Amino acid sequence: MTRKGILLIMREKRTFMIFTLIYTILIFLTSLFLDFAFDQGFSSIAGYLVAIFFLTSLILSLLYAWILVSRKRRNWATLKCIGYTNKNIISLVSGIILFTTLFGLFIVLEILFHYTAIFTYLESANIQTGLPGILIGLLPVVATAFIFIFVQLISIALIYRKVLKVRPIVALKRVGE
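Quick note, my numbering runs 40 ahead of the 1-based positions in the sequence shown.
Errors might be hidden in some of the hints.
[To be verified] With a Cα cut of at most 30 Å, we get these calculated DSSO-like pairs of lysine-lysine:
no.	residue 1	residue 2
1	K112	K127
2	K53	K112
3	K202	K127
These are computed hints drawn from the structure, not numbers from a lab.
In this text, all values refer to a predicted model and were calculated from it rather than measured experimentally.
Kindly generate the complete structure, drawing on both the sequences and the hints.
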């Protein structure tokens, strides 16, 4: 079902790209300020920014899940008409949400790996840049990944009731329109 969810979201490239970009920026900034908070302590401004980005990711996750269920209400109703259960539909929605989040995480990891590789190469060539070789440590990125996956699971649990309310008759009503 997750594979079908991925294929389903790839058909809506604009929504996928926008939310992937937003998740990428949020994951990067949360990891960066979490790294600062580990160095300076959570009582500094970095700790407050981590809390702000955590709440932003929670709100964004709920918004994304709500948009998925509301905009595709007719699709979900059609799937129920052809025999999909609520569990199948929630696994599709879960796959879409988790794929978008993990795709944003992989983009952040790729950027950080390339950043580190470039500055390590420049240091080996004796070119001084004055910038750190490692922008964000591995621990803040892993912690951010767990935070974001936890937030996505919360949004999936909260959106489950909205999926239960989708009735198959909705798809059949609009056939003649």
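* Against the structure, test the hints numbered earlier, and report the numbers of the ones violated in rising order. => Of the numbered hints, all hold.
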